[in-house]
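**Q** From first to last, the protein sequence lines stand for chains D and S.
Just so you know, we're using this note's numbering here: the first sequence kicks off at 1 and counts up by one.
Just so you know, we're using this note's numbering here: the second sequence kicks off at 1 and counts up by one.
If you are wondering where the hints come from, they were derived from the structure by calculation, not from laboratory data.
Ideal Cβ positions, reconstructed from N, Cα and C, are used throughout, including at glycine.
Hints are not guaranteed to be accurate.
So the derived list for chain D, only partly shown, Cβ under 8 Å to chain S, looks like this [unchecked claim]:
(1) D15
(2) T30
(3) Y31
(4) Y33
(5) L43
Below, each chain spelled out in residue letters.
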Amino acid sequence: MPELHTDPDLQPLADIDQVIHAPARLMVLTYLYVVESADYVFLQNLTGLSWGNLATHLGKLEEAGYITIHKGYKSKKPHTSISMTEEGRKAFREYKEKMQKIFDNLPD
Amino acid sequence: MSQSMDLKEAEKKVFRTVYNDGLWDVLLGCFFLMFAFAPYLSTIMGDFWSSAVFLPLWGLVYLAIRLTREYVIAPRMGVVDFGEKRKRRLKKFSAVLMVFNFVVLILGIIAAFTSGRVSGSLYPYLLGAFFLIAFSLAAHVLDIIRLYFYGLLSGFVPVVGEWLYVNAGFSHHGYPVVFGTTAGIMILVGVVLFLRLLIQHPGKPPETSLEEDIHA
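My request is simple: use the sequences and hints to build the entire structure.
**A** Written as structure tokens, this is what we have:
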């Protein structure tokens, strides 16, 4: 791994956003990127993640400032809606561009 | 490139998830039931009231669908607010459908005032074309494949009804049979989708502890 940082050719790999790069978080962000907001149950159904697993990943994404979790009420019942922040959208686009660059330059 | 295609697919998947509960299929089926029963009612109530009497029924079905969505579907499937692009697409679709309905309404009025001279035997074909175009448009915009099937089904229905009327002596241009069958198929599809959803998503996870779980 130390060579990774010193080799300028492989530097883009070291710059990959590790918060987004985890498959479960990438899946959550992909769905959140294409909608305005979604609630916890909707995300759980789409991603197939368990309750605890999803909560852990959402916590990490919220900590990074990529999503906001809004706790409110809908029809007098507690309702949690999750949306991507501008910072999250920017980071997601950057991640996409970096990954594309890496694989575009990969020899066949 | 493949990344952008995946995002498109993700967006479509999100959209399809919301419309796969079967409830709109039931509403469509109820709409087609009008064509099946109205011919019988028209002999008692006249042409206008035989159709108008269905409005409260649609209202009740619509209300039932809204309540089912809120109290049965939402706790199981969750709630999503679509992105701007999809919202714009839906608005565009509503506008096109409204213009299309308006044109058909004008054509219908012209046909009524000319005592059928304009439409004449073309009526089943025009009605079939209307259903085919409207459903195909909806299928394309909403990305729901089964609407193409409904378009084909309802596109042939008036023509088949007319054929049964002329060649097999069916009453009321064959409408009770062909529209009744179409309505039955749509309602059946809706009920199957709804029951499948209930079986696949029997209960609701404990939403109340989410905040603690995230910050644990």
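**Q** So, for every hint listed, does it hold in this structure?
**A** Going through the hints against the structure:
1. This hint is violated: D15/D has a C-beta 17 Å from the nearest C-beta of chain S, more than the 8 Å allowed.
2. Because the beta carbon of T30/D sits about 5 Å from the nearest beta carbon in chain S, less than 8 Å, this interface hint is met.
3. The restraint placing Y31/D at the interface with chain S holds, with a minimum CB-CB distance near 6 Å, inside the 8 Å limit.
4. A distance limit of 8 Å between C-beta atoms decides the matter here; for Y33/D the minimum to chain S is near 7 Å, and the interface restraint holds.
5. Because the smallest distance between the Cβ of L43/D and any Cβ of chain S comes to about 7 Å, under 8 Å, the interface hint for this residue holds.
Against the hints set out earlier in the document, a violation occurs for number 1 only.
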